[in-house]
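Student: One line per chain: the protein sequences are A and B, in this order. Using my numbering, read the first sequence as starting at 966 and increasing by one per residue. Using my numbering, read the second sequence as starting at 966 and increasing by one per residue.
Since the hints were made in silico from the structure, they are not lab data. A hint or two may mislead.
Because identical chains share one entry, a pair is satisfied inside a single copy or across any pair of copies.
Unchecked claim - SDA-like mimics (lysine to any residue), calculated; alpha carbons at most 20 Å apart, straight line:
(1) 977 to 1095
(2) 1036 to 990
(3) 1122 to 1024
(4) 1036 to 1001
(5) 996 to 1009
(6) 1066 to 1086
(7) 1081 to 1122
There are 2 protein chains.
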Amino acid sequence: MNVYQVIPQYAKMLGNIERWLDKAAAHAEAKKFDIETLVQARLAPDMYPLVRQIQSACDTAKFSACYLTGKTPPVHPDTETTIAELRARIQSCRTFLETIKESDVAGWEERKISPKWLQGKWVRGDQFLLQMSIPNFYFHVTTTYDILRHNGVDVGKQDFIGSIPIRD
Amino acid sequence: MNVYQVIPQYAKMLGNIERWLDKAAAHAEAKKFDIETLVQARLAPDMYPLVRQIQSACDTAKFSACYLTGKTPPVHPDTETTIAELRARIQSCRTFLETIKESDVAGWEERKISPKWLQGKWVRGDQFLLQMSIPNFYFHVTTTYDILRHNGVDVGKQDFIGSIPIRD
C-alpha cells in the first residue's frame, strides 16, 4: 500500500460527501426548510460548522497530496457560503487529486514533511500519512456526516463507505 | 507502509479515547452529573450511542487485524454498560493488538477478506484495509469524539490526534 492508493481513496470519500448533500437536499425539500441553514450547522458551539468541516476535509486531502509529492497546492480562499459553492470546492479538490500520478509519489515514505505550524521541525512521510493525514481527513469527513445525521438527513453507513470492490 | 504500521496506529487511537474519557469524567464532576449518562448519549435517535461506537471501534480494529493475519479474534460479548467497562474493553482490545507481530501480516495485501455478511464473496486485503477498515475505524472513533464534544466535554483536535513523532 502506498500513498498513490490513499489519494484516490480521499477523492472517493469526497465524492461520497456530494451524495450526502443530495440526500440533504431531499430532506430539506421534504421538511420544507432552507438547505442553506445546514452550511452553519454544528455539533457544539465551539466546534467548526459544516462549511469548515468540508473545507478542512478538502484541504487535508489537497495539502497531504502536495506535501507527499512536492507539488504546489492550488489556492482555495475558503469563501464558500452555500451548498452549491461547497460542491464546487469538493469538485475542484477532486479534479486536482486526479492529476497526481504514481510517479509523483516516489520516495514519499522518507520525505520530510514540514507544515508551517511545525516551525522548521518535521515528520517523516509515512508517519505523517498514517498518524496525521488519515486521522485528520476522516475526522472532518465523519464530522460532516455526523452534522448532517444530527440534523435528520437520511444517510447511513453504506453512504459513508461508498462503493467497495467486492469479488466473486 | 503496511498493515503492521496500521495496527499500532489503531491501538494508539483507542488509547486516545481513554484520555477523552478522563476529560469526560472531569466534566461530569465539574458539572455534577452522572458520567454514566454519557454511555447512552447519541447524536441522533437512530444512531448508535457512545457504548456501541466504542465497541465498534474496538471490533473494527480487532477483526481487521484478524482478517489480515488469519488470527482468531478474542470474544467480546458486547455487555458493557458503564464507562469503567468500556475502558476495560479498550484495554483488552489494545492488549490483543499488541500480540500481532510483523511476521503475522505477511501476504496481507493479497489476502481474500470474506466477512460473513459478504456471503462467500470477498475483498482483496489492501482494498479492504484502505476502503473499509480504515474508514470504518475512524468513523466510530470520530463519532465517539463528536458525542463527547456535543455533550460539552473539553476535548480538542490535539486530543483526537494524540502524540506525533516530530523531529528536529
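Student: Each hint: holds or not?
Tutor: Taking the hints in turn, this is what the structure says about them:
no.	hint	verdict
1	977 to 1095	both (18 Å within a copy, 11 Å between copies)
2	1036 to 990	neither (35 Å within a copy, 45 Å between copies)
3	1122 to 1024	between (24 Å within a copy, 16 Å between copies)
4	1036 to 1001	neither (34 Å within a copy, 49 Å between copies)
5	996 to 1009	between (23 Å within a copy, 17 Å between copies)
6	1066 to 1086	neither (28 Å within a copy, 31 Å between copies)
7	1081 to 1122	between (35 Å within a copy, 17 Å between copies)
Violated hints, listed in ascending order, are 2, 4, 6; each of the other numbered hints is respected by the structure.
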